[in-house]
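Here the protein sequences line up with chains A and B, keeping their order. With the numbering used here, letter number 205 in the first sequence gets 205, and the count goes up by one each step, no holes. With the numbering used here, letter number 98 in the second sequence gets 98, and the count goes up by one each step, no holes.
It is possible that some hints are incorrect.
[Said to hold, decoys possible] Pairs of lysine-lysine, DSS-like flavour, derived with a Cα cap of 27 Å: (1) Lys258/A <-> Lys322/A; (2) Lys211/B <-> Lys84/B; (3) Lys137/B <-> Lys160/B; (4) Lys302/A <-> Lys289/A; (5) Lys161/A <-> Lys224/B; (6) Lys55/B <-> Lys161/A; (7) Lys55/B <-> Lys224/B; (8) Lys224/B <-> Lys211/B; (9) Lys258/A <-> Lys161/A; (10) Lys224/B <-> Lys258/A; (11) Lys258/A <-> Lys55/B; (12) Lys211/B <-> Lys161/A; (13) Lys84/B <-> Lys224/B.
Simulated from the structure, these hints should not be mistaken for lab results. These numbers come from a predicted model, not from an experiment.
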Amino acid sequence: MIFNPAIIALLLSSTATAGLLVYAAVIGIQVLHGWNPLSGSEGQLLLERKTSLVSTILGYLLCFHLVALMLFIHTADALHPLFTGAMCAAGTLNVNGFGYPALLLKLFNTLAAGLWLIINHADNQVHDFPLVRPKYAALIVMAPLAALETFLVAGYFTGLKANVITSCCGSLFGGDQGTFAGGIASLPPMPATATFYAAAFVTLAAAFFVWRWGRGAILLAVAGMITFLAALVALISVFSLYIYEIPTHHCPFCLLQKEYNGIGYLLYSLLLVGSVSAAGSGLLQPARKIPSLGRTLPSLQKRLALAAFFSIATFTLLVTLKMMTSSFRF
Amino acid sequence: MTCWLNRQLNILDYTITSLLRRWWKNLSLIFIYSVLVFVIGSVMFFTRAMQREAKLILADAPDLVIQRLVAGRHDPIPLARAEKIRSIRGVSAVSPRLWGYYFDRINGANYTLQGADDRGLLPGDIDIGAGIARSRKIEAGDIFSLTDSNAIPQVFQVRKLFDAASDLLTVDLMIMPTEDFQSFFDFPADRATDFAVSVRNPREIATVAGKIVELFPDSRPIMKDEILRTYASIFDWRGGMMIVMVAMAVLAFVIFAWDRASGLSAAERHEIGILKSIGWDTGDVLSLKFWEGAVISLTAFLAGILAAYAHIFLMPAPFFSHALKGWAVLYPSFRLTPYVDFSQVAVLFILTVLPYLAATIVPSWLAASVDPDAAMRS
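Just chain B, with the same shape it has in the complex (with noise of 0.2 Å):
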């Protein structure tokens, strides 16, 4: 054991001292190699982290949202089907909630708008996400003014803006009471946009959602669950495309690489010639082709990986954001939360080293059985 193992630390000595001797031509490989692995791997830490970070923000989501569906489109719900649902067995609250969107002409963004009265908000108050404000300039304090259903400008008094470390929920989010929300939007007092209902028991959501569409066939029940998976599935279905459209890279790779293992130069020839006239045999030459394809691989795998971690996680991922979260005029200034798992690093080592190793055992091998003979007079 020690013996064989000494006698691989030896032709990883040399294997090393070979590379370092053409460095230069080295160099390139090893660079191409990892801005596959950074390209690579920044979308899995991309996507990986958006869906822990929708994780995290949808764990407080309401179990189930009830919405009220006319000519297959969402309309306001009666407040009178709360009672009804709050006597199913196993609910344990329902909560009417008032939200809407707001088009704003001056810098053409969409606003969330909400109605609501916990938060202690008096007539003409208003709290404005951070994205608003930095759009609109304005700061706590000051007048705000929109214009409502009827064309007519309201104005507001910013009370608060929301803290900027909630930014992923609040960036274009505006609260004002209810009253004021019904005034601007002209909206029926005797309706609210959903209900938020709350399940004692997580495996009865979805008996409770079936017994609602029993008692009003006109609503639909949307499951936590439901939107957890689908927000999943989008950027599971981002992060596959991107590979998908990568892989044309990846292939070019792969030539490349079969092409380098396989032209010799010269020098290589005469380098092998010379060691297997020493006495070393195909399978010692074999173990220097593997050396230094592994030598390669690592070198090139760490520094793609390191870059792709700090593109991702020091900054904020400049090169693949756009592509992967999608845009809105105010979107949200986030720092996602560094999270890199064995998956994914073994999905990386399958789509980079794999291939790379699998295009070069053949070329190593014709190189490893040349005659050393002919080997030395070439």
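Bound conformation, chain A alone (with noise of 0.2 Å):
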């Protein structure tokens, strides 16, 4: 293991993450048992008053989540000078098995807070609390994520050895490669482009459609999904090559270094926000069927909408006039 403040931190927000999570599952599971909107008793009363450690509880979780995920791709890129062969974050998610794992368990833990917050907050509009079941339910579902999280970033970091040759950035998504990675790079320029282009079009389509006239919404996010994935392909096979101006750098960790400003940091929170906001309005059309909700969600859906559209927008424009700009051409 590489003992550095960095690693030490990140397990201590993953196992202080985990740790509330399994304490919230708890309250779920209580919850689930003993919720009975119509009773007064004192039991019912302070299950009533934990719901709202338990938003609390999933709120810090959010900002601890989307702290965690940064630092950890920025560790994983800052530690590739002890591994020969890594050049970035590529290489050294590469070192053992438990890197890319815990990378994509983090991401999906951090969009699994966003979601929850979500319907938590449409549920804190009304008094009955009508999705009290379904959201206490997704708890219990996300603390074991959270334990498998802290297991995987543990196993990574504690199976670190510096020295051990690993597939550097450039060996890793330089196409001609039998690595999934590689098979997304080496994608043909064209058909990538079109796929994103196609996908967000209709997603700013369906959230234009949802922010004025409140139908469209499960299309929203559906559309917002192929979007994020649409994004992430189109970044590594197409994007990148026209923010690095190299035909063969591939790799969607650099795009977080100093030398292109950082703009990586920018392109993915939007993503995130992005693709957040249009599932968490797709999330919330079911709901719209219990009466209490039917009249809160409509506008609650039109924001997500609007922060979707924005989102996608903005990063829409900002890859365009990367590649309009650059002095790399096909």
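Since each chain sits alone in its own frame, please combine them into the complex, following the hints.
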């Protein structure tokens, strides 16, 4: 294991978030068992009070998740000089089998916390808390995932041994490789770009529809998720080339480095906010059938659609500008 | 949105007045909190700045150093090997280096002695580092005596002192002509301490190193990358060790914060009771508690981080330098280049603010969910 303040901080944050989420899940089990909004018993009153505790915990958790996610990628990137052959986070994460699963699970848990808070916000708008059961059932699924993330992060960092020869980002994302990432990198540029622009256009149109007429939230959620994936694929296969201005460099992590003004942090944040807002808007759609939520949900969905619209539009505008101003040409 | 923002601003406004009303009670918490941020921040700023310093200095180090090992120990390398190494494709230059250590009985310090002919030194001349000059109280032009390997005193004239700006590299360095070096240490004329090898393409360094070992199996190649990696690991390790030692203090702080947050005074309970009876709900009181934590954390975090910055970059890090730098009789005096980046602030946040927030969530909720009637009666 490499002994470094950032690694200690990441282990601490993973353990703390998993601990808090497990605590919240225990309250979730109590709520699922004993929740009865018609009762005025002391137990029900206590459970109602505990829901505000769980909301607060999840609010903090999202904040911790976001800081830890950025720090995780930054640390993986900063550790690359310790490994022969690693040139950025792409190589460092590949040093052992825990790196990429830990990153993907971190990303998933952050998205899940964001979506949970959206549903919670919708639920708290009305007094009969109609979404309590699905909300707390979700917590019971999220807690083991957080524990698994802690295990993967710990496994990754304790398994790091400086000097291990790893594939660098040049070979991992260099195309002509049998790996999944290499496959993405070698995708033909035109279809990848076209897919992204088509998905982004549909998302923007759907977001506009939801905002203007309050319809099409499911389409927005599906299109938002497809845009998220298409944007990642296009970033690796096409946009990165325009940003790095090197025809062979496809790495999605080097975007975070100082040399490119950390543009990756902005691009990934926009994508995260855009896709969470789009997915959240669609996720709330089935709940509109509940009478008490029927009045409050449309306005929340509209606000989410607006957030998705601006995030995806800014992302699209940024990458398009980069492509137009870059000296790289296919 | 504006309504929500106004609500939060009003709660924040109330929080600050409420904190100021009990400033003496919060001061001790903020002080302990800042000290913790200061200690962890100092360790991190210092180790990162040292890593950067090492990286900048080693940028000029040779691509490859070739040593010879005899029975597992470093031994002078025959000069004849230089030609063969030079003929390897990709090698641009091979320069034999002569250097060694000298123990000075007068002040108990170790000097680094180097033999070099490219500095225009005449026989009997010597250039010395500022640290040696300080400790032996000599200046340029003075006579300087050293005892050679046969215990015979040798006299040198100090030609010049190295610039104080290069202290980190030259504080204990002495450079003399090659012949003086060889006679001083009785060093064989057909040997060198090691070879500095330059390689045209940095990607070929490992291949060149492999070829040299193939040619001379008793040689040990040391790549620049390896040296950089070792320095980075050393400072990482030292920083990590200090953080683990400070972990006990963090734990104590967490218990203190927990205790403070859960032990509400009668006045505070009364205040929450009144707020709830005039229409604040549990969520509002939780917001109040959130802003209370945010104001305290931000104040302590900023105070601690500024103090750590001043400690490391404006002063010569008096509290930690011995533990983190290592020590020597002649230690270079140097000022670290200020360098703080996102990751250091994020690490500091996770190591200090996260435990505080995590420890106060449940007590804050307990405080916020008190029954107004019971709270006011108490």
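To see whether the hints hold, each was checked on the structure:
With a C-alpha separation of about 16 Å, the suggested pairing of Lys258/A with Lys322/A holds against the 27 Å cut-off. Proximity of Lys211/B to Lys84/B is assessed by CA-CA distance (about 11 Å); at most 27 Å being required, the pair is judged to hold. About 14 Å separates the Cα atoms of Lys137/B and Lys160/B, which keeps this hinted pair within 27 Å; it holds. Between the alpha carbons of Lys302/A and Lys289/A the distance comes to roughly 17 Å, so the proposed pair stays at or under 27 Å and holds.
Between the alpha carbons of Lys161/A and Lys224/B the distance comes to roughly 19 Å, so the proposed pair stays at or under 27 Å and holds. Of the supplied pair hints, the one linking Lys55/B and Lys161/A holds, its CA atoms being roughly 21 Å apart against a limit of 27 Å. Proposed proximity of Lys55/B and Lys224/B is supported: the alpha carbons are some 10 Å apart, at most 27 Å. Taking the CA atoms of Lys224/B and Lys211/B, the gap is about 17 Å. The hint holds against a cut of 27 Å.
Restraint check for Lys258/A and Lys161/A: the C-alpha separation of about 26 Å stays at or below 27 Å, so the hint holds. The suggested pairing of Lys224/B with Lys258/A holds, with an alpha-carbon distance near 23 Å, which does not exceed 27 Å. A hinted pair counts as satisfied when its Cα atoms are at most 27 Å apart, and Lys258/A with Lys55/B qualifies at roughly 17 Å. Proposed proximity of Lys211/B and Lys161/A is supported: the alpha carbons are some 26 Å apart, at most 27 Å.
Pair hint Lys84/B plus Lys224/B holds up; C-alpha atoms about 21 Å apart against a cutoff of 27 Å.
Checked against the numbered hints listed earlier, the structure breaks none of them; every hint is satisfied.
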